[in-house]
Amino acid sequence: EPEVTQTPSHQVTQMGQEVILRCVPISNHLYFYWYRQILGQKVEFLVSFYNNEISEKSEIFDDQFSVERPDGSNFTLKIRSTKLEDSAMYFCASLAGGYSYEQYFGPGTRLTVT
Amino acid sequence: KNQVEQSPQSLIILEGKNCTLQCNYTVSPFSNLRWYKQDTGRGPVSLTIMTFSENTKSNGRYTATLDADTKQSSLHITASQLSDSASYICVVSGVEGGSQGNLIFGKGTKLSVKP
Numbered sequence: 001e002p003e004v005t006q007t008p009s010h011q012v013t014q015m016g017q018e019v020i021l022r023c024v025p026i027s028n029h030l031y032f033y034w035y036r037q038i039l040g041q042k043v044e045f046l047v048s049f050y051n052n053e054i055s056e057k058s059e060i061f062d063d064q065f066s067v068e069r070p071d072g073s074n075f076t077l078k079i080r081s082t083k084l085e086d087s088a089m090y091f092c093a094s095l096a097g098g099y100s101y102e103q104y105f106g107p108g109t110r111l112t113v114t
Numbered sequence: 001k002n003q004v005e006q007s008p009q010s011l012i013i014l015e016g017k018n019c020t021l022q023c024n025y026t027v028s029p030f031s032n033l034r035w036y037k038q039d040t041g042r043g044p045v046s047l048t049i050m051t052f053s054e055n056t057k058s059n060g061r062y063t064a065t066l067d068a069d070t071k072q073s074s075l076h077i078t079a080s081q082l083s084d085s086a087s088y089i090c091v092v093s094g095v096e097g098g099s100q101g102n103l104i105f106g107k108g109t110k111l112s113v114k115p
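Sequence order for the protein chains is A and B.
First residue of the first sequence: 1, per our numbering; consecutive thereafter.
First residue of the second sequence: 1, per our numbering; consecutive thereafter.
It is worth saying that the hints were derived from the structure and are not from the lab.
Among the hints, erroneous ones may be present.
Once the Cα atoms are required to be at most 30 Å apart in a straight line, the calculated DSBU-like pairs of lysine-lysine come out as [claimed, not checked]:
| hint | chain 1 | residue 1 | chain 2 | residue 2 |
| --- | --- | --- | --- | --- |
| 1 | B | Lys-37 | B | Lys-71 |
| 2 | B | Lys-1 | B | Lys-107 |
| 3 | A | Lys-78 | B | Lys-71 |
| 4 | A | Lys-42 | B | Lys-17 |
| 5 | A | Lys-57 | B | Lys-17 |
| 6 | B | Lys-37 | B | Lys-107 |
| 7 | B | Lys-1 | A | Lys-42 |
| 8 | A | Lys-42 | B | Lys-57 |
| 9 | B | Lys-107 | B | Lys-57 |
| 10 | B | Lys-1 | B | Lys-17 |
| 11 | B | Lys-107 | A | Lys-83 |
| 12 | B | Lys-1 | B | Lys-114 |
| 13 | B | Lys-57 | B | Lys-37 |
| 14 | A | Lys-83 | B | Lys-17 |
| 15 | A | Lys-57 | B | Lys-110 |
| 16 | B | Lys-114 | B | Lys-37 |
| 17 | A | Lys-83 | A | Lys-57 |
| 18 | A | Lys-78 | B | Lys-57 |
| 19 | A | Lys-78 | B | Lys-17 |
| 20 | B | Lys-114 | B | Lys-57 |
| 21 | B | Lys-1 | B | Lys-57 |
| 22 | B | Lys-114 | A | Lys-78 |
| 23 | A | Lys-83 | B | Lys-114 |
| 24 | A | Lys-42 | A | Lys-78 |
| 25 | B | Lys-1 | B | Lys-110 |
| 26 | A | Lys-57 | B | Lys-114 |
| 27 | A | Lys-83 | B | Lys-71 |
| 28 | A | Lys-78 | B | Lys-107 |
| 29 | A | Lys-42 | A | Lys-83 |
| 30 | A | Lys-83 | B | Lys-57 |
| 31 | B | Lys-107 | B | Lys-17 |
| 32 | A | Lys-42 | B | Lys-110 |
| 33 | B | Lys-37 | B | Lys-110 |
| 34 | B | Lys-71 | B | Lys-57 |
For clarity, every value in this text was computed on a predicted model and none was experimentally measured.
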């Protein structure tokens, strides 16, 4: 069964460094998403992406964040200058579109900022 | 403010027993409500999705109900198994149409099934 994959599974970085989290959505899916989950808290929406542009973003998704689909398969989340409070699990999800409501989530990347 | 509230926060049951988890939401407009299962350190996995016109949906031993008038949903798990131990998250989408972005998540109910 097709699945969303994410790399790396765990990323440790120093405060102020740039990180890029990578996702490979399910082939032929049209909508892509990033969510984050701070330890012990609920999952929060960051951004949705469709037709090579951001379709919606939350208040969390400020100028430090950016997303890109550079090659038609990968979907990346970049954090330009990480802060301690960026430490969280980051989940990518994809959706086929059309009449489907089903978002498929990847296994997540645990980001630790020290 | 759009919110999804779940109860109980945590629950311990014995293997083989049934349980029911509750979800109340104040999301408007409303498109659909989902229940996800999330194992520790993993991504959420969808169990059921219901639109406003559906009031019950089953997926194996999981049965979800939806009352769009009272804005309440429940997830019933029958004949629980040790592998059911996980967080169960109620998620509401307020977006009509294709993008289904900005899902609003509850905090989840942490279920522990003991032998």
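Hint compliance check: list the failing hint numbers for this structure, sorted ascending. 3, 5, 10, 12, 14, 18, 19, 22, 23, 26, 27 and 30
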